[in-house]
Amino acid sequence: MSVAGCALAIGFGTIVASDADAAAAPPNWTGIWTRVGSLNFDPTTPGNKNEDFPYNAKYREFYDRIIAAEAKGLAINDKSADCQPPGIVRMMAMVYPMEILQTPGQFTIIAEWEGQIRRIFTDGRPHPEDPDPTYNGHSIGRWEGETLLVDTVGILGNGIINDHGAPLGEQVHVTEKWWKEGPDTLKNEIAVESPDALLRPIKAVKTFKRRTDIQIMEYICTQNNRNQTNADGVTGIELKKR
Amino acid sequence: MRPVKFGIPVLVGIAATVFSDIGAAHHSFAMFDDTKEIVLTGVVKEFQWTNPHTFVQLEVPGPNGTVIEWSIEGSSPNGLARLGWKRTSIKAGDQLAITINPLRTGEHGGNFVQARFADGRILTRRASEAPAEGTPK
Chain A
508 MSVAGCALAI GFGTIVASDA DAAAAPPNWT GIWTRVGSLN FDPTTPGNKN
558 EDFPYNAKYR EFYDRIIAAE AKGLAINDKS ADCQPPGIVR MMAMVYPMEI
608 LQTPGQFTII AEWEGQIRRI FTDGRPHPED PDPTYNGHSI GRWEGETLLV
658 DTVGILGNGI INDHGAPLGE QVHVTEKWWK EGPDTLKNEI AVESPDALLR
708 PIKAVKTFKR RTDIQIMEYI CTQNNRNQTN ADGVTGIELK KR
Chain B
-4 MRPVKFGIPV LVGIAATVFS DIGAAHHSFA MFDDTKEIVL TGVVKEFQWT
46 NPHTFVQLEV PGPNGTVIEW SIEGSSPNGL ARLGWKRTSI KAGDQLAITI
96 NPLRTGEHGG NFVQARFADG RILTRRASEA PAEGTPK
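Going down the list, the protein sequences come from chains A and B. Those letters in the first sequence? Residues 508 to 749, per my numbering, in order. Those letters in the second sequence? Residues -4 to 132, per my numbering, in order.
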């Protein structure tokens, strides 16, 4: 219902909203949602399986090195071990629940993991001309009926795709399509372009379930991080001795 | 390899939510050998109910009267609380038999699998009997 509709409803004690108002009102997905599936970029694949991506030769060599090290128990390119934010692509695997807040002109995603926030502007503004690169980039969205289309630029380079450390390049562009499938299921089709690393865009569909039985909890990675990477960039564990 | 089953009701879990791969969130678990499980029996020195990971500091009797302190890493409070754990689920002084996936290096650390209390209660890291994704309400 529009602001005008609200005013009329208050003024006359009757809800007065035209069909046009109803059609224009976007759906409201405010609430808490949890991931379905694995933490991989494609959550329908088993989490213990290394996903493959269409890397160019340079990044293929890097990814092969990451996988080979992991198989030997040495995690490299494991940025979140040092409490670095996951960045938009890996964030959307949604380790822990997310909260969606819809306010006029803005669709906000709060990820419990690392306390990450995405502000998706739906007020019609364009991207800034030359945005400073940030972990979660600059997102603008628009509603097409009951589907939210999101475009994100200004994403910090050299991020990662999944929790196996699959790398992204310097250039990253993310597009998303969000829609409801039934009353309590939300779908997010995410496409990631990284032309200096990936030969073609990669795409996956994420599924989220509405939760009314849980709350978002605090997560501060630096509270007691005993898994910092060592001088060789390998994830470690700080052992305490008696 | 499965840990030994004790036939005792688990402390947590039936209505809990499973977050698959929960352990791999903050950092890679490649350092732990998940094909091996060992059981450590000792006394809790400290339970760190903190992010990004919980830790049990367990004092385990070693050879010739020595005591070895093990650092046993668990999931985050965020993951464990939703499985029914509390910050008081493990306390200093508790006598526990803790099953771990040990560090590949052989150092005194590992990844928490489950803990058995002296009275037979068992605390698990995931509620494997629970519905795959919990029950959305």
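Everything labelled a hint here was simulated from the structure, so no lab data went into it. Do not take every clue at face value.
Claimed, not checked - Which chain A residues face chain B? A few, computed with CB under 7 Å, are given here:
| no. | residue |
| --- | --- |
| 1 | E577 |
| 2 | D585 |
| 3 | Y603 |
| 4 | I647 |
| 5 | V712 |
| 6 | M724 |
| 7 | I727 |
| 8 | N734 |
| 9 | A738 |
| 10 | G740 |
| 11 | K747 |
| 12 | K748 |
Predicted, not measured: the structure shown is a model, and the values here were computed from it. Each residue gets a CB set at the ideal place from its N, CA and C atoms; glycine is no exception.
Quick rundown of the hints versus the structure:
| no. | hint | result |
| --- | --- | --- |
| 1 | E577 | 5 Å, holds |
| 2 | D585 | 5 Å, holds |
| 3 | Y603 | 5 Å, holds |
| 4 | I647 | 29 Å, violated |
| 5 | V712 | 16 Å, violated |
| 6 | M724 | 5 Å, holds |
| 7 | I727 | 6 Å, holds |
| 8 | N734 | 4 Å, holds |
| 9 | A738 | 16 Å, violated |
| 10 | G740 | 12 Å, violated |
| 11 | K747 | 5 Å, holds |
| 12 | K748 | 6 Å, holds |
The structure is inconsistent with the numbered hints 4, 5, 9 and 10, although it conforms to all the rest.
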